[in-house]
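Asker: Read top to bottom, the protein sequences are chains A and B. Positions -7 to 170 (my numbering) are the ones given, in order, by the first sequence. Positions 53 to 248 (my numbering) are the ones given, in order, by the second sequence.
Hint data in this document are derived by calculation from the structure and do not stem from the laboratory. Quantities reported herein were computed from a predicted structural model and do not represent experimental measurements. Cβ coordinates follow ideal geometry from the N, Cα and C atoms, glycine included. Possibly wrong hints are sitting among the right ones.
[Unchecked claim] List time: in silico DSSO-like cross-link candidates among lysine-lysine, alpha-carbon distance up to 30 Å:
(1) LYS17/A <-> LYS215/B
(2) LYS24/A <-> LYS183/B
(3) LYS107/B <-> LYS17/A
(4) LYS223/B <-> LYS31/A
(5) LYS139/B <-> LYS21/A
(6) LYS39/A <-> LYS224/B
(7) LYS21/A <-> LYS224/B
(8) LYS21/A <-> LYS164/B
(9) LYS107/B <-> LYS73/A
(10) LYS39/A <-> LYS183/B
(11) LYS31/A <-> LYS78/B
(12) LYS24/A <-> LYS241/B
(13) LYS21/A <-> LYS215/B
(14) LYS223/B <-> LYS119/A
(15) LYS24/A <-> LYS177/B
(16) LYS17/A <-> LYS139/B
(17) LYS139/B <-> LYS73/A
(18) LYS31/A <-> LYS215/B
(19) LYS39/A <-> LYS223/B
(20) LYS107/B <-> LYS31/A
(21) LYS24/A <-> LYS139/B
(22) LYS74/A <-> LYS215/B
[To be verified] Cβ-to-Cβ under 10 Å is the rule here; a few derived chain B residues that face chain A:
(23) LYS78
(24) TRP124
(25) ASP135
(26) LYS139
(27) ILE190
(28) GLU231
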Amino acid sequence: MNHQPFENWIFEDETLNSDQEQSLKQHLKECKTCESVQKAWLSLQDKITQAPTIAPVPGFSQRWLASLPQRRLREQRRQAKKFVVFLAGAAALSFLLLIGLMITDQSPLDWIIGGLHTIAQVAIRFKQIQLVALSIIKSLPPFVPVIAWISLTLPLGLLSLTWIGALWRISAIGVGEK
Amino acid sequence: MSNQEAEWLTDVRQGNETAFASLVEKYQRPVYNLCYRMLGDSMEAEDAAQESFWKAYQAIHRYDPNRSFATWLLSIAAHYCIDLQRKRKLPSFSMELVPEDSIPGSAPNPEKVAAQTEQEARIQKVLEQLKPQDRAAIILRYWHELSDEEIGNMLSLSVSAVKSRLFRARKKLAEIWLEEEKSINSERKHHESPAF
């Protein structure tokens, strides 16, 4: 049996005119399938409209307020992580671009020679810095007391530690956390 | 929107979180109800409702005062619950009993309470069978009495898409309900048969 347009009339929200209502009634008398489906829908619709609006356990807004510091911290961590991921991504992309440029610009042999040359240059520079530092230390008058060395190296060491600590804090917790 | 609500919103925009707590107090019930009907579990509904308010608080500068605040808030909660349902793929309704004190006017009569909780469980069970977006459309229509246009704005759907989703959802609900009724009736007949 053809259930259209009666099925639409049963489940649509539109108001039926008197002719449509009459033909739907006639169809429901003849079609047991549509009749049982309509009855089921009307019964469920009735139950749904009678079903209450469920409320949360008392103290919902207080719990929301109490959760704010935790949520802020979580958000800051999320943003810090996003920032670190962004930086790492940008660095990786730049590195890949550089490699791409090198590969397209030069032959693999040139690239290996260039890399080795850079490593050798870094080693030579390091050696030169070391020699300059040693010569400065040797040229200093012998009467410079040990205490002066300690007072110079200790703040520098502390500054380095603070710098490392600040970097860790920014990457792990984020900016703005109290 | 009431004057009080507009005042709260102005205060929230200036960073007053206590003013937002007043809005939470006012809208906790509809938001929680939507989350509960979508997820079917009171713990999950509590978390989802709290998270929805947090999302709204964070996005308060994007709220258009010409729109209804309640609709905007429910839209955030509906999208959040739909995403949750999609992430977990399979719905996991716990079929837990609704706490007695969360039903308005619930009588202390144990029989009545038992009947109400059983009915709630049946309603949740049939809602579970719907796709998250269809379920959201049904909940917004029948529990929050929103129009097709409002539902469409909230779920980012056209009015005709809302109509067809509601049609499909109603048909499916009716078929499931009919099957349930049949199985309950056959169980009753089985228990009432002279052999027992």
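Asker: Given the hint that LYS21/A pairs with LYS215/B, test it: the Cα-Cα distance must not exceed 30 Å.
Answerer: At roughly 27 Å apart (the allowed maximum being 30 Å), LYS215/B and LYS21/A satisfy the hint.
Asker: Can the restraint linking LYS139/B and LYS73/A be considered satisfied, given a maximum Cα separation of 30 Å?
Answerer: holds, 22 Å
Asker: Does the structure keep LYS74/A and LYS215/B at a Cα separation of 30 Å or less?
Answerer: violated, 40 Å
Asker: Hint check: LYS139/B vs LYS21/A, CA-CA at most 30 Å. Holds or violated?
Answerer: violated, 45 Å
Asker: Does the structure keep LYS21/A and LYS224/B at a Cα separation of 30 Å or less?
Answerer: holds, 22 Å
Asker: If you take the shortest Cβ to Cβ gap from ILE190/B to chain A, is it below 10 Å?
Answerer: holds, 8 Å
Asker: Check the hint pairing LYS39/A with LYS183/B against an upper bound of 30 Å on the C-alpha distance.
Answerer: Answer holds: LYS39/A to LYS183/B is near 20 Å, not above 30 Å.
Asker: Hint TRP124/B vs chain A: min CB-CB distance below 10 Å?
Answerer: Not OK, violated: TRP124/B not within 10 Å of chain A, min 17 Å.
Asker: Are the Cα atoms of LYS39/A and LYS224/B separated by 30 Å or less?
Answerer: Judged against 30 Å, a Cα distance of about 16 Å means the pair holds.
Asker: What's the verdict on LYS107/B and LYS73/A, does the C-alpha distance respect the 30 Å limit or exceed it?
Answerer: holds, 19 Å
Asker: Was the hint right that ASP135/B lines chain A, CB cutoff 10 Å?
Answerer: violated, 16 Å
Asker: For the pair supplied as a hint, LYS39/A and LYS223/B, confirm whether the alpha-carbon distance does not exceed 30 Å.
Answerer: Holds. LYS39/A to LYS223/B sits at ~16 Å (cutoff 30 Å).
Hints 3, 5, 8, 11, 14, 16, 20, 21, 22, 24, 25 and 26 from the list above are not met by this structure, while the remaining hints are.
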